[in-house]
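A.B. asks: Residue-level listing of the chains:
There are 2 protein chains.
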Amino acid sequence: MAAAAEDTVEEEVGRVVEQAKELQETAASLIAKSTHDEQSVRQKALSLESSIRRCSSLLDRSNHLAPKLAAKLEEDLQKARCIIADGDASSFLPSKPQGRFLKMFLGPINVRASRKDVQFKVKEEYNSYRDRTALLFLFFPSVLLCLRSWVWNGCLPTFPVQLYQAWLLFLYTGLTLRENILRANGSDIRSWWINHHYCAMIMAVVSLTWEIKGQPNCAQKQRGVQLFLQWAMMQGVAMLLQNRYQRQRLYTRIALGKAKRMDVVWGETAGVDGQLWLLCPILFILQGFEAYVGLQLLRTAYKGVTSEWQVIFCGVLLVFMAVGNFLNTVEILMVKSRF
Amino acid sequence: MAAAAEDTVEEEVGRVVEQAKELQETAASLIAKSTHDEQSVRQKALSLESSIRRCSSLLDRSNHLAPKLAAKLEEDLQKARCIIADGDASSFLPSKPQGRFLKMFLGPINVRASRKDVQFKVKEEYNSYRDRTALLFLFFPSVLLCLRSWVWNGCLPTFPVQLYQAWLLFLYTGLTLRENILRANGSDIRSWWINHHYCAMIMAVVSLTWEIKGQPNCAQKQRGVQLFLQWAMMQGVAMLLQNRYQRQRLYTRIALGKAKRMDVVWGETAGVDGQLWLLCPILFILQGFEAYVGLQLLRTAYKGVTSEWQVIFCGVLLVFMAVGNFLNTVEILMVKSRF
Ligand SMILES: CC(C)(COP(=O)(O)OP(=O)(O)OC[C@H]1O[C@@H](n2cnc3c(N)ncnc32)[C@H](O)[C@@H]1OP(=O)(O)O)[C@@H](O)C(=O)NCCC(=O)NCCS
Ligand SMILES: CC(C)(COP(=O)(O)OP(=O)(O)OC[C@H]1O[C@@H](n2cnc3c(N)ncnc32)[C@H](O)[C@@H]1OP(=O)(O)O)[C@@H](O)C(=O)NCCC(=O)NCCS
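Line by line, the protein sequences are chains W and E. So for the first sequence, the working numbering puts the first residue at 19; every next one is plus one. So for the second sequence, the working numbering puts the first residue at 19; every next one is plus one.
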């Protein structure tokens with residue numbers, strides 16, 4: 019009886035080891051095979067890309083073509099480009115370089131999702147991260163400002179403000195990492211919006227070292243912090259609106275099953291036209307306020323109320339960011355209105 | 019002639035569009051096929067895993083087996099486990115959950131490399147990141163301390179110290195992200211070492227808000243900062259030694275072509291035994307110094323030289339980290355000496 023049991027255990031273990039070896043072989047050959055297949059698709063995609071480029075330059079040089087035909091051919095080429103860039107073949111093309119920022123924080127890891135649906139999920143998650151964030155953006159500063167007037171007699175205590183600034187730093191780091199990841203996944207996000215968040219990160223670090231002075235004469239000394247908080251509140255509102263718009267855009271895109279670069283052909287702002295014209299005035303007001311806060315900071319420094327370098331630095335940075343935001347928004351609007 | 023050229027361009031474009039469509043189909047079917055194949059390997063791997071578990075418990079209960087046979091069977095099972103966990107099949111198994119920290123910063127992106135060689139590359143890059151870091155860890159504080167005695171008359175100016183603290187924050191964030199990524203890639207790094215870096219991140223943020231007082235009485239008021247810098251220098255030395263050890267370990271592992279979990283069977287410290295016994299006393303000294311710095315900070319706070327909460331907070335945190343480091347190092351040594 020004991021011998022029989024021994025047999026079974028031994029047999030079972032033997033079988034398991036056999037199976038493990040088989041599995042290893044299956045897995046290895048599967049990997050080898052799919053690497054090979056991928057390689058061939060990759061080759062085809064690359065050669066097709068260069069064919070498209072050749073055709074495109076041929077078309078440009080063929081100025082004897084009937085304009086209607088030329089336009090049709092141009093459109094056909096665009097379609098072919100879309101199929102490569104947004105179809106399943108895209109995952110076999112070499113990805114854009116991931117940028118120094120991601121490399122610095124994450125090392126040489128690949129953050130590109132190979133499936134389209136995962137890429138959409140990443141984008142959708144980015145949007146909902148921003149939604150949550152926007153609410154906190156509204157909530158924290160308003161609580162601080164309310165407590166300031168009602169409880170703290172017009173004088174912000176240091177700790178909660180620093181906590182808020184640390185949160186800002188954390189938040190912007192997350193946003194920047196996510197945006198870099200989106201970009202590696204084929205998003206067309208302008209580099210300015212990412213640079214904008216780098217600036218915001220730097221500002222958060224600097225503001226952490228910014229000594230928040232107490233009584234006497236709180237209201238005057240803390241004018242900078244107070245303006246900063248008000249601006250943060252307004253940014254919360256803008257982010258909420260912006261998110262609504264971006265999400266709508268994403269959904270329209272998924273719903274139509276149409277790919278990004280196809281937008282150029284099929285009408286860039288399909289489905290979200292109205293929202294953009296509502297959003298933009300608000301954005302411009304906000305950007306104006308951003309610049310105003312920056313200038314106010316510079317003024318307090320100039321008038322000698324506060325003399326720390328942090329105040330000047332944040333002031334200059336805010337004005338810089340406001341101007342950059344404004345210019346880029348105008349540029350986007352101009353590009354869009356051309357279609 | 020013009021008509022002929024027209025023909026060629028049109029034909030060429032037509033061919034390109036055709037090719038694009040074909041490519042799309044090829045890519046889609048390749049993806050579908052490999053998804054299907056992967057699914058089947060995954061199924062097999064999962065069922066094999068549960069077989070191994072069943073065998074293992076069977077073996078545990080079969081106390082009538084000859085001890086030698088039992089040991090052999092146990093070893094066989096371990097081998098099977100290794101093949102699954104470290105062979106090519108491992109990339110088909112569901113990955114460990116990535117942890118809240120990565121999710122918070124990166125969103126739902128998958129950071130797991132599917133090929134073993136990429137995983138080694140990630141580890142190797144982590145080691146060289148630490149190497150570069152360790153040098154800076156030595157360099158920055160020593161420059162600050164030298165300048166303090168020779169140029170600044172014993173009084174550290176605020177800005178360079180804050181710059182250093184901001185760098186620390188950046189550095190620890192990078193380390194923590196990378197360690198979490200390593201873990202997702204199958205590293206057995208203990209959660210304590212990651213928690214340790216979370217603590218270090220928090221400490222860096224807190225130290226940024228720490229007001230660095232100037233004259234008069236600099237030496238006394240800045241005692242905390244000074245100790246902190248000295249400790250950082252020592253940590254640089256420890257990191258360099260630790261890296262040498264870890265790299266040696268990694269190379270031994272790659273060279274022997276042996277997988278991680280096999281270490282348990284084949285001798286955990288193969289090739290690096292000597293180094294570990296050199297490293298450990300230095301680590302213990304460092305951990306002692308870490309605790310000493312923490313206690314000194316608490317003492318300055320207690321004696322009322324500095325009264326900021328940051329000093330107390332950093333003091334407690336340093337003591338906590340030192341104790342944790344010590345306990346974990348001892349635990350690792352005990353585990354290793356058992357083999
Ligand atoms: C003007 C605006 C609404 C246009 O948005 P849009 O129509 O999506 O612009 P584009 O077509 O150029 O977008 C290209 C890509 O960049 C992304 N994007 C655009 N603006 C972005 C922003 N501010 N932050 C992050 N991503 C942005 C889009 O989601 C899109 O991504 P996708 O390729 O993955 O789909 C948007 O750029 C915006 O909100 N800008 C103002 C921001 C601002 O000033 N904020 C601070 C106020 S103080
Ligand atoms: C004691 C020590 C040398 C043991 O190292 P080890 O032999 O690699 O330990 P383990 O076998 O438990 O390692 C398991 C894994 O964790 C990693 N690891 C161990 N200690 C680590 C640490 N401190 N930081 C990062 N990773 C670590 C190893 O590289 C290994 O990774 P892998 O599975 O990808 O190969 C190491 O843990 C150590 O240096 N500890 C002290 C750190 C310290 O106290 N620093 C602060 C001084 S003030």
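Any given hint might turn out to be false.
It does not matter which identical chain is meant; a pair holds if it fits inside one copy or across any two.
Claimed, not checked - Here are the simulated DSSO-like cross-link-like pairs (lysine-lysine), alpha carbons at most 27 Å apart as the crow flies:
#1 K321 <-> K62
#2 K90 <-> K39
#3 K354 <-> K139
#4 K62 <-> K39
#5 K354 <-> K321
#6 K354 <-> K121
#7 K90 <-> K62
#8 K121 <-> K90
#9 K134 <-> K86
#10 K97 <-> K39
#11 K86 <-> K97
#12 K97 <-> K62
#13 K139 <-> K86
#14 K321 <-> K51
#15 K39 <-> K51
#16 K354 <-> K62
#17 K321 <-> K139
#18 K354 <-> K134
#19 K134 <-> K121
#20 K39 <-> K121
#21 K51 <-> K97
#22 K90 <-> K354
#23 K97 <-> K139
#24 K51 <-> K134
#25 K86 <-> K51
#26 K62 <-> K51
#27 K139 <-> K90
Quick caveat, the hints were computed from the structure, so don't treat them as lab data.
A.B. asks: Indicate, hint by hint, whether the structure satisfies it.
C.D. replies: Results of checking the hints against the structure:
When the C-alpha separation of K321 and K62 is checked against a cutoff of 27 Å, the pair qualifies neither within a copy, at 66 Å, nor between copies, at 74 Å. Taking the shortest alpha-carbon separations for K90 and K39, only the inter-copy value of 17 Å comes in at or below 27 Å, while the best intra-copy value is 57 Å. In this homomeric assembly, K354 and K139 come within 27 Å of each other (Cα to Cα) only inside a single copy, at 26 Å, whereas the closest approach across copies is 43 Å. Proximity of K62 to K39 under the C-alpha cut-off of 27 Å is restricted to the inter-copy arrangement: shortest distance 12 Å between copies versus 35 Å within a copy.
With identical chains, the CA atoms of K354 and K321 are never at most 27 Å apart, being 43 Å at best within one copy and 66 Å at best between copies. Taking identical chains as interchangeable, the C-alpha atoms of K354 and K121 are never at most 27 Å apart, the minima being 33 Å within one chain and 34 Å between chains. For a Cα distance limit of 27 Å, the shortest separation of K90 from K62 inside one copy, 25 Å, qualifies, whereas the shortest one across copies, 51 Å, does not. For a Cα distance limit of 27 Å, the shortest separation of K121 from K90 qualifies neither inside one copy, at 42 Å, nor across copies, at 46 Å.
For the homomeric pair K134 and K86, neither the shortest alpha-carbon distance inside one copy (34 Å) nor that between copies (54 Å) is at most 27 Å. Proximity of K97 and K39 under a CA criterion of 27 Å is satisfied inter-copy only: 10 Å between copies versus 47 Å inside one chain copy. Taking the closest pair of Cα atoms, K86 and K97 come within 27 Å of each other only inside a single copy of the chain (17 Å); across copies the shortest separation is 69 Å, beyond that limit. Taking CA atoms no more than 27 Å apart as the test, K97 paired with K62 passes inside one copy only; the shortest distance there is 17 Å, against 41 Å between copies.
When the C-alpha separation of K139 and K86 is checked against a cutoff of 27 Å, the pair qualifies neither within a copy, at 39 Å, nor between copies, at 53 Å. For the identical chains of this complex, K321 and K51 are neighbours neither inside a copy (72 Å) nor across copies (70 Å), given an alpha-carbon limit of 27 Å. Taking identical chains as interchangeable, the C-alpha atoms of K39 and K51 lie at most 27 Å apart whether they share a chain (18 Å) or sit on different chains (23 Å). In the homo-oligomer, the alpha carbons of K354 and K62 never lie at most 27 Å apart, since the shortest distance is 33 Å inside one protomer and 52 Å across protomers.
Neither within a single protomer nor between protomers do K321 and K139 lie at most 27 Å apart by alpha-carbon distance, with minima of 50 Å and 55 Å respectively. In this assembly of identical chains, the alpha carbons of K354 and K134 lie at most 27 Å apart only when taken from the same copy (25 Å versus 46 Å across copies). Taking identical chains as interchangeable, the C-alpha atoms of K134 and K121 lie at most 27 Å apart whether they share a chain (23 Å) or sit on different chains (20 Å). Taking CA atoms no more than 27 Å apart as the test, K39 paired with K121 passes in neither setting, with 37 Å inside one copy and 35 Å between copies.
Taking the closest pair of Cα atoms, K51 and K97 come within 27 Å of each other only across two copies (26 Å); inside a single copy the shortest separation is 31 Å, beyond that limit. Only within a single protomer do K90 and K354 lie at most 27 Å apart by alpha-carbon distance; the minimum there is 22 Å, versus 71 Å between protomers. Taking CA atoms no more than 27 Å apart as the test, K97 paired with K139 passes inside one copy only; the shortest distance there is 25 Å, against 38 Å between copies. For the homomeric pair K51 and K134, the shortest alpha-carbon distances inside one copy (22 Å) and between copies (16 Å) are both at most 27 Å.
Proximity of K86 to K51 under the C-alpha cut-off of 27 Å is found in neither arrangement, the shortest distances being 46 Å within a copy and 41 Å between copies. Taking the shortest alpha-carbon separations for K62 and K51, both the intra-copy value of 17 Å and the inter-copy value of 18 Å come in at or below 27 Å. In this homomeric assembly, K139 and K90 never come within 27 Å of each other (Cα to Cα): the closest approach is 34 Å inside a single copy and 48 Å across copies.
Comparing the model with each numbered hint stated earlier shows that hints 1, 5, 6, 8, 9, 13, 14, 16, 17, 20, 25 and 27 do not hold.
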